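Enquirer: Sequence:
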Amino acid sequence: MQEPASSAQPAASATAPGAHPSPTCADSAAVPLPPAPDTIPTPALTHLWVFIGITVGFYIAYTSWTGSAPHNDWAKRWIIVAIPVTTTIGLLLGWPSAWRTILTTMTSIYLCAPFVAARVESCTLPIPDAIPCFADNTLVLEMANRLAHPLYYQVLIAIHLFGSCVAWSFVASHGGQNYVAASSTRPPTD
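In my numbering, the protein residues as written are 16 to 205.
Since the hints were derived computationally from the structure, they do not count as laboratory data.
Treat the numbers as computed from the prediction; the structure is a model and nothing was measured.
It cannot be assumed that every hint is accurate.
What the hints assert, rightly or not - Restraint ranges, calculated between C-beta atoms of paired labels, are given here: (1) Phe66 / Pro129: 43 to 51 Å; (2) Ala90 / Thr139: 22 to 30 Å; (3) Trp114 / Asn152: 35 to 43 Å.
No residue lacks a Cβ here, since even glycine has one placed at the ideal position from N, Cα and C.
Whole structure, please, built from the sequences with the hints as guidance.
Expert: Here's what the structure looks like:
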């Protein structure tokens, strides 16, 4: 007949060998343990996401611009969305807590850039018998279409790149915090 297991045997260790013991009330004055390395987003990885987003967007925009026929505006539609969308994805992957700031900034760039690029193009087109920037819109559009928009797409890519770098700098300088939410005067809804 077997004897029942005796309770005098030592209890199994609460922690595995090499693992940190869990803190107790007596250890409250001790320095807390750092979190596991896989939970800390490193600044290099954060900036790498944004750099990859801007680079992929620029590649898509540049190949859409150079790889399509001069008068094929439908093929060049990707220029308008490539850089803002991929940069927004990169910024959100890098700093997910600043989503309001990122979406507000990149939406502003996306919506305003085509108007600025069109204005720059209309002010630089050589229109006979017209003052640049103040010519009739139909005349400017006809001239730009005839010349296959000589500056519009280049200026649009440049504005998107500049705006993306400014947004990157703005979000990074605020440490990834939601600047738009912090500056809001609305009372909290929580």
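Enquirer: Look at each hint and say if it fits the structure.
Expert: Here is how each hint holds up against the structure:
1. Phe66 / Pro129: 43 to 51 Å: Given range 43 to 51 Å: violated, Cβ gap about 25 Å.
2. Ala90 / Thr139: 22 to 30 Å: Holds: the Cβ-Cβ distance is about 24 Å, inside 22 to 30 Å.
3. Trp114 / Asn152: 35 to 43 Å: holds, 37 Å
Comparing the model with each earlier hint shows a violation of hint 1 alone; every other hint is respected.
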